[in-house]
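Colleague: All chains, please: the whole structure from these sequences, using the hints.
If you're matching them up, the sequences are chains U and Z in order.
Those letters in the first sequence? Residues 177 to 518, per my numbering, in order.
Those letters in the second sequence? Residues 177 to 518, per my numbering, in order.
Be careful, since some hints might not be right.
Just so you know, same-sequence chains aren't split out, so a pair can sit in one copy or run between any two.
Said to hold, decoys possible - Derived SDA-like pairs: lysine to any residue, alpha-carbon spacing no greater than 25 angstroms straight-line: (1) LYS217 with ILE316; (2) LYS224 with ASP262; (3) LYS356 with ASP319; (4) LYS356 with HIS379; (5) LYS224 with GLN446; (6) LYS240 with HIS358; (7) LYS356 with ALA237; (8) LYS224 with LEU505; (9) LYS356 with THR321.
No lab work stands behind these hints: they were computed from the structure.
Quick caveat, the model's predicted, so the values are computed rather than measured.
There are 2 protein chains.
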Amino acid sequence: MGGDRAPDMVIQGAEVALERDPQLDFILVGDEARIQPLLAKTRRLKLKNPTIVHTDKSVGASDKPSIALRAGRGSSMRLAIDLVGDKKADCLVSAGNTGALMAMSKFVLRMVPGIDRPAIAGIFPTLRGESAMLDLGANIDCDATNLVQFAIMGQIFARTVLGVERPVVGLLNVGSEEQKGHEAIREAATLLRDIVDMPFTFHGFVEGDDIPSGTVDVIVTDGFTGNVALKTAEGTSRLISQSLRDAFRSSLLSRIGYLLARPAVGQMRQRMDPRRYNGAVFLGLNGIAVKSHGGTDALGFANAIGVAADMSRHGFLETVTRELAAAGLNKTNDERKVVATA
Amino acid sequence: MGGDRAPDMVIQGAEVALERDPQLDFILVGDEARIQPLLAKTRRLKLKNPTIVHTDKSVGASDKPSIALRAGRGSSMRLAIDLVGDKKADCLVSAGNTGALMAMSKFVLRMVPGIDRPAIAGIFPTLRGESAMLDLGANIDCDATNLVQFAIMGQIFARTVLGVERPVVGLLNVGSEEQKGHEAIREAATLLRDIVDMPFTFHGFVEGDDIPSGTVDVIVTDGFTGNVALKTAEGTSRLISQSLRDAFRSSLLSRIGYLLARPAVGQMRQRMDPRRYNGAVFLGLNGIAVKSHGGTDALGFANAIGVAADMSRHGFLETVTRELAAAGLNKTNDERKVVATA
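Modeller: Written as structure tokens, this is what we have:
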């Protein structure tokens with residue numbers, strides 16, 4: 177169990193998730209001596225009598241992925257991933273070190289055949305509801321094939337987790353005209369336009385302001401751009417909240433005004449609450465792994481658990497495998513090379 | 177004169193700018209028959225008796241840059257650029273087609289020796305005040321040398337327009353650790369760390385949320401990432417304003433609360449007003465050209481005029497030339513090649 181407030185936040189998060197979804201079962205991986213007393217204080221979770229896999233070894237928040245990969249055997253993170261790899265768990269949720277979680281998950285779970293690289297996907301609020309974006313930082317550089325694979329996984333994610341019937345997918349660019357942007361994006365657009373009979377609609381290019389306006393259900397981009405866009409949106413949101421707080425505090429009248437408007441403003445805050453959108457999902461791995469924000473609380477962690485449970489319950493992995501095959505894209509990179517050489 | 181509401185908005189913008197800064201002089205380029213009656217209605221501008229350069233030719237909003245370059249001779253945009261090229265004007269402000277303005281400005285004004293490519297810079301509000309970012313979309317791909325040149329121009333822009341004494345410069349990346357990001361960014365960081373005796377401080381890498389928090393005075397990035405970040409911030413700002421408006425309208429109490437808090441909220445809106453940050457500046461050209469948003473009003477256009485006047489008055493171009501020479505970076509690309517081959 178990792179994260180700034182683990183194991184307390186993790187146990188409490190599981191309790192909240194169970195309150196929302198009583199069918200969940202948990203395996204708790206970490207220091208049993210610390211977990212037991214926290215578990216005893218829960219209402220629902222202790223009644224489920226969850227298995228505790230004990231270890232006092234953990235991956236440090238600043239450990240490099242390569243170090244974690246070599247020295248992380250027996251750590252709580254690694255044992256949790258092994259449980260998914262051994263099909264003893266359907267999915268895993270961790271609030272630990274992102275790089276280490278990605279490296280170890282990739283090593284243990286391997287990739288879905290046909291997907292070359294994993295991507296990190298996230299959900300965010302828009303004017304129209306919610307959308308998903310990927311990649312949020314796993315791959316600095318992406319070629320056209322990577323982007324097409326992200327698009328296919330992203331639309332399945334939108335169907336299984338956001339419940340969108342026929343997701344609309346857009347490629348993030350600096351303009352909507354066909355000749356705009358990097359070669360990889362333009363090529364990906366051509367490939368996506370050629371895919372037919374798939375349960376999603378390719379919208380074409382979208383721009384940065386289309387992310388919060390919800391023009392499409394799924395935004396596809398490379399990990400560099402996606403990471404910058406996500407953090408810019410988070411930062412802008414904080415800047416406006418802070419300025420609004422200052423404005424409300426600036427006079428007696430505005431303080432009274434705030435008191436009257438508080439329930440309404442609170443509703444809006446709740447809709448924008450980052451905890452609601454907690455849970456960065458690793459897509460492309462042959463197993464379901466969700467990374468919770470390290471600094472979140474029980475409510476945020478419960479949301480990450482909800483995302484993992486939704487993916488598992490709605491057969492995310494099976495759907496990816498099936499739709500890649502249907503699109504003729506279920507070849508590994510090596511198999512594609514053989515075909516290209518033959 | 178271009179833009180959605182030209183020439184009215186342009187003439188009124190000049191009037192507002194003159195009200196703020198009575199020392200300004202204007203040359204108005206466009207259709208004299210439309211300009212004259214609008215000019216007659218102004219108070220200050222008509223007293224300045226501005227020269228009108230007549231043309232009824234203009235560049236269309238959707239004209240491709242290459243077309244504008246070939247067929248744009250005699251257009252209001254081209255004539256205005258020529259005035260700067262011929263040193264008859266100190267700077268130009270246009271609300272017309274961005275791509276055409278960039279292509280024609282580059283062709284007529286040429287580059288400052290030592291700068292390989294022009295960059296588009298903009299100003300935006302932060303938690304700490306205001307910062308500048310470049311490139312916002314002129315160059316999709318940038319190498320380390322481009323980024324270093326942008327950093328040098330960006331800090332001079334922050335000194336001349338934002339009045340920052342010793343600007344702090346950051347490179348936009350997906351993490352602050354040295355090994356993060358593209359090779360071009362890492363190499364640019366090394367080059368910037370090696371530059372000494374310059375009137376700015378290199379902070380290192382910054383992330384997307386550092387843009388609105390104002391961690392640094394100048395954010396340097398390639399035009400693809402900069403464009404996505406800018407538009408994501410604008411869109412997020414609109415999403416929150418819209419949600420806030422909905423919240424205030426949701427009940428009678430919140431409507432009353434809004435009435436009481438309105439002056440305070442208005443103050444905050446004013447601080448965030450996109451018109452305050454209107455004016456995308458083309459840096460690296462051997463002349464001062466500022467692009468106003470096409471959809472802005474007189475207030476926004478006046479701000480763009482203010483930015484151009486500040487740059488001209490504080491000797492932006494001379495400072496760029498001097499500081500490039502001081503850093504030994506005043507070679508053109510061809511000269512550098514000769515040195516490298518010799």
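Colleague: For each hint, tell me whether it holds in the structure or not.
Modeller: Going through the hints against the structure:
1. LYS217 with ILE316: Classified as neither; 43 angstroms inside a copy, 55 angstroms across copies.
2. LYS224 with ASP262: within (22 angstroms within a copy, 82 angstroms between copies)
3. LYS356 with ASP319: Both, since 16 angstroms and 19 angstroms are each at most 25 angstroms.
4. LYS356 with HIS379: This pair counts as within: shortest intra-copy Cα distance 15 angstroms, inter-copy 32 angstroms.
5. LYS224 with GLN446: neither (30 angstroms within a copy, 55 angstroms between copies)
6. LYS240 with HIS358: Classified as between: cross-chain Cα gap 18 angstroms, same-chain 31 angstroms, threshold 25 angstroms.
7. LYS356 with ALA237: between (39 angstroms within a copy, 17 angstroms between copies)
8. LYS224 with LEU505: Neither: 41 angstroms inside a chain and 68 angstroms across chains, both beyond 25 angstroms.
9. LYS356 with THR321: both (18 angstroms within a copy, 23 angstroms between copies)
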